[in-house]
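Student: As a plain string of letters, each chain reads:
Number of protein chains: 4
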Amino acid sequence: MKKKFTEKQIQILDVAEELIAQKGFEGTSVRDISAKANINVAMISYYFGSKEKMMVNLYQYRVQKTRETFAEFTQTIKDGKPEMQLKEIINFIVKQLLTYNYFHGFVTQELRHDDRVKNTLLEFYQTCVKVLDEVIQKGIVSGVFKRAAKSEDIVSTLLGTVVFTIRNKNFYEIYLKGNEQDYLTNSEKKLKNHLNLCVFALLGYQI
Amino acid sequence: MKKKFTEKQIQILDVAEELIAQKGFEGTSVRDISAKANINVAMISYYFGSKEKMMVNLYQYRVQKTRETFAEFTQTIKDGKPEMQLKEIINFIVKQLLTYNYFHGFVTQELRHDDRVKNTLLEFYQTCVKVLDEVIQKGIVSGVFKRAAKSEDIVSTLLGTVVFTIRNKNFYEIYLKGNEQDYLTNSEKKLKNHLNLCVFALLGYQI
Amino acid sequence: MKKKFTEKQIQILDVAEELIAQKGFEGTSVRDISAKANINVAMISYYFGSKEKMMVNLYQYRVQKTRETFAEFTQTIKDGKPEMQLKEIINFIVKQLLTYNYFHGFVTQELRHDDRVKNTLLEFYQTCVKVLDEVIQKGIVSGVFKRAAKSEDIVSTLLGTVVFTIRNKNFYEIYLKGNEQDYLTNSEKKLKNHLNLCVFALLGYQI
Amino acid sequence: MKKKFTEKQIQILDVAEELIAQKGFEGTSVRDISAKANINVAMISYYFGSKEKMMVNLYQYRVQKTRETFAEFTQTIKDGKPEMQLKEIINFIVKQLLTYNYFHGFVTQELRHDDRVKNTLLEFYQTCVKVLDEVIQKGIVSGVFKRAAKSEDIVSTLLGTVVFTIRNKNFYEIYLKGNEQDYLTNSEKKLKNHLNLCVFALLGYQI
DNA sequence: AATGAATGAGCGTTCATTCAT
DNA sequence: CATGAATGAACGCTCATTCAT
Chain A
1 MKKKFTEKQI QILDVAEELI AQKGFEGTSV RDISAKANIN VAMISYYFGS
51 KEKMMVNLYQ YRVQKTRETF AEFTQTIKDG KPEMQLKEII NFIVKQLLTY
101 NYFHGFVTQE LRHDDRVKNT LLEFYQTCVK VLDEVIQKGI VSGVFKRAAK
151 SEDIVSTLLG TVVFTIRNKN FYEIYLKGNE QDYLTNSEKK LKNHLNLCVF
201 ALLGYQI
Chain B
1 MKKKFTEKQI QILDVAEELI AQKGFEGTSV RDISAKANIN VAMISYYFGS
51 KEKMMVNLYQ YRVQKTRETF AEFTQTIKDG KPEMQLKEII NFIVKQLLTY
101 NYFHGFVTQE LRHDDRVKNT LLEFYQTCVK VLDEVIQKGI VSGVFKRAAK
151 SEDIVSTLLG TVVFTIRNKN FYEIYLKGNE QDYLTNSEKK LKNHLNLCVF
201 ALLGYQI
Chain C
1 MKKKFTEKQI QILDVAEELI AQKGFEGTSV RDISAKANIN VAMISYYFGS
51 KEKMMVNLYQ YRVQKTRETF AEFTQTIKDG KPEMQLKEII NFIVKQLLTY
101 NYFHGFVTQE LRHDDRVKNT LLEFYQTCVK VLDEVIQKGI VSGVFKRAAK
151 SEDIVSTLLG TVVFTIRNKN FYEIYLKGNE QDYLTNSEKK LKNHLNLCVF
201 ALLGYQI
Chain D
1 MKKKFTEKQI QILDVAEELI AQKGFEGTSV RDISAKANIN VAMISYYFGS
51 KEKMMVNLYQ YRVQKTRETF AEFTQTIKDG KPEMQLKEII NFIVKQLLTY
101 NYFHGFVTQE LRHDDRVKNT LLEFYQTCVK VLDEVIQKGI VSGVFKRAAK
151 SEDIVSTLLG TVVFTIRNKN FYEIYLKGNE QDYLTNSEKK LKNHLNLCVF
201 ALLGYQI
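Chains as they are written, first to last, in full-length UniProt numbering: chain A, 1 to 207; chain B, 1 to 207; chain C, 1 to 207; chain D, 1 to 207.
The hints are simulated quantities; they were obtained by calculation from the structure and are not laboratory data.
Just so it is clear, CB atoms sit at the ideal spot from N, CA and C, and this is done for glycine as well.
Please note that the accuracy of each hint is not assured.
Said to hold, decoys possible - Chain D side only, calculated, beta carbon under 10 Å to chain C, not exhaustive:
#1 Gly24
#2 Lys118
#3 Leu122
#4 Tyr125
#5 Gln126
#6 Ala149
#7 Glu152
#8 Thr157
#9 Leu159
#10 Phe171
#11 Gly204
Whole structure, please, built from the sequences with the hints as guidance.
Tutor: Quick look at the structure:
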């Protein structure tokens, strides 16, 4: 069941996402959001019912998009060899997380608010696990993977590692060449490399 | 320079840590804290100067302890073989994070408040990198490790993965046997196993 | 540059003026003001930004009016003889102070808050001195005044004496006939008489 | 009935007087006072019962002293000629007010707190009126004063004028020669001169 | 006789939300 | 459909005072 958002709502959600990622949910007032989005303070309540409900909508909006994007992505790789598929999945996840780091930077932190959101996210994670499972199984069968690592652990490591570097930018950037503007580009490259090595090693893939 | 906290201050900090981990810094009012800690609202300002300063003290309190504990720990393994040392380090980190999950659950999220804290944390992470570096280097020299993975990536993966499972308890527990009470015990075991496999594989260690 | 106030703002300022004159600035809470003005506590911050800024507005509101009124008044007597002009000025000042006694009762006391206000008031006092100077000089030239008293001393005496009787109502009313309701009327008459005698005597005017 | 104060109480009252004159009663906290007086915060309540009662004691302390000093002073002039007596009284009052300007700067403002204080002050003012009355009457009889001005008006003018210059230092000092340090000395001289001229002129005294 | 830890009330302000238009 | 004025609740904090020692 797909929910539609009006243009005005999306405008608000985009601003809200950015601010909440920076200052947290409680740290971001509806006045902050409405000021930055150039709308009236009353509009958040007006469009979403309340600030809390706006947050739920924000999750739905972003998770929904993420699921769709992921579904489309899986289609594009469905005919590849498992080792290629795996590499693509890892790269895709890193790329997505870094691109929507506003969202992923806070999503796990602020989701104390609504269980529906938790479930939406949960389902998405399970989808990832399932997709990985199939790829790994296929690789095991075809003999390119020697060991069957647990997909939920791989998912935790993929998502956890990337989110950690997003949140601890000041730590991770020490080990990156290049200036601060290139942080996203450089960290993407470094993370892709590391996580590929990590997962492939885990599966006993011979390079 | 070690800062001392009175019994009353620690009592407040413990409560504050738990609540802030659950509801965030702004989401937790001094009235929430004082109610749960069975003290007067005025005491937070009285003991720490302000809510903000209490937060800084909370970081110092926990990070300080963590650094000390880690320093002591490294002493206990200083004479071991690198593969043993590495295993111990991984297990130690997982254990610590899960034990003090209240703190580690929010530490990277709420540290927009004070740069001194950021630096304290940064230094600690760098210490971890340094310790890992030495162990890996030793293993390379002795020949048990075939590949020299980047320590900062390993640190990111270790910390990121564990924190992810803490924050996404509802996801990770699906894949755990046992009832909810055993979550910590079971996830600890599972995480230790996964992360050991992960890191050792990364280093080309032959099991 | 004249500042405009909305009806609601004036409503608040009038109440605030009365309460602050009675209980002082710190002694008057925004809750006191909002209760008496039948508005919400939040409105003081809403309309003026803060309690402090409300105070600045209160000064501007009243001093501005006072200056305007005084300027208009001086026009009405500009063609008179100096002895008539002087009498009118004295009577005007007494009348004004007693009418706006709320304000003049606290204005010099509470102005530790804002230097701009101090300067506004200072300028007004200097205007009074200047006006008096001209009248006295004219009277000296025309021969009705024999001695040239200092205008700043006269201003201090005029304002000081009236404010003293306002603040020490319980003292001054002992010497007044009539009941308490007539205090303003009676004290106005008595003060005008006394201060006219005083100033004219000072100038050597022969009655 | 004379009240005795302990050394410690006087120490507190002196500090309190200075601070209250600067920042008002509500604007001065017991912490301010205790910090400046180098005593424990609890001492104000301990010695006086409450901050409010301390204020009452402060009035009593200062008014009592003033009355005593004034009583002693009147003894020293009791054998003089009325015009000399009058001059001495005026000079004495100006001197006293300027010397204890801390007190007189706030006394009429902050006396909303206690009616007993109001009465104490009232009685003192009435004493002044009585003393002046006698002198004027004597002068009328001896023929040096031609007109019988009202003593309560003279008292109002004397006290009011001096207090005005204390409170509006920034106004009055414009008309004074000399640097800021000499303000008290210079304003005392100027005020004595002005008020003597004023009162003597009022009584029709021929210089 | 004196302290300092601790209290409860009240402070000015900001919050998300409502409501009349 | 959208606004901005207005609200009541809650915020972090400071206050004068109390109380155990």
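Student: With reference to the structure, classify each hint as holding or not holding.
Tutor: Going down the list of hints, with the structure as the test:
At about 6 Å, the closest approach between the beta carbon of D:Gly24 and any beta carbon in chain C falls short of 10 Å, and the interface hint on this residue holds. With a cut of 10 Å, the hint placing D:Lys118 at the interface with chain C holds, because the nearest CB-to-CB distance is about 6 Å. At its closest, the beta carbon of D:Leu122 sits 5 Å from a beta carbon of chain C; the interface hint therefore holds under the 10 Å criterion. Hint on D:Tyr125 holds. Least Cβ distance to chain C is approximately 5 Å, under the 10 Å limit.
Taking 10 Å as the C-beta cut-off, the interface hint given for D:Gln126 holds, the closest approach to chain C being about 7 Å. Here the hint on D:Ala149 is kept, as its CB sits about 7 Å from the closest CB of chain C, short of 10 Å. Annotation: D:Glu152 was flagged as interfacial toward chain C, and the flag holds, the nearest CB pair being 4 Å apart, inside 10 Å. Taken as an interface hint, D:Thr157 checks out: its beta carbon lies about 5 Å from the nearest beta carbon of chain C, inside 10 Å.
Satisfaction of the interface hint for D:Leu159 is found here, the shortest Cβ-Cβ separation to chain C being roughly 6 Å, below the 10 Å cut-off. With a cut of 10 Å, the hint placing D:Phe171 at the interface with chain C holds, because the nearest CB-to-CB distance is about 5 Å. Annotation: interface hint on D:Gly204 holds; nearest CB of chain C at approximately 8 Å, less than 10 Å.
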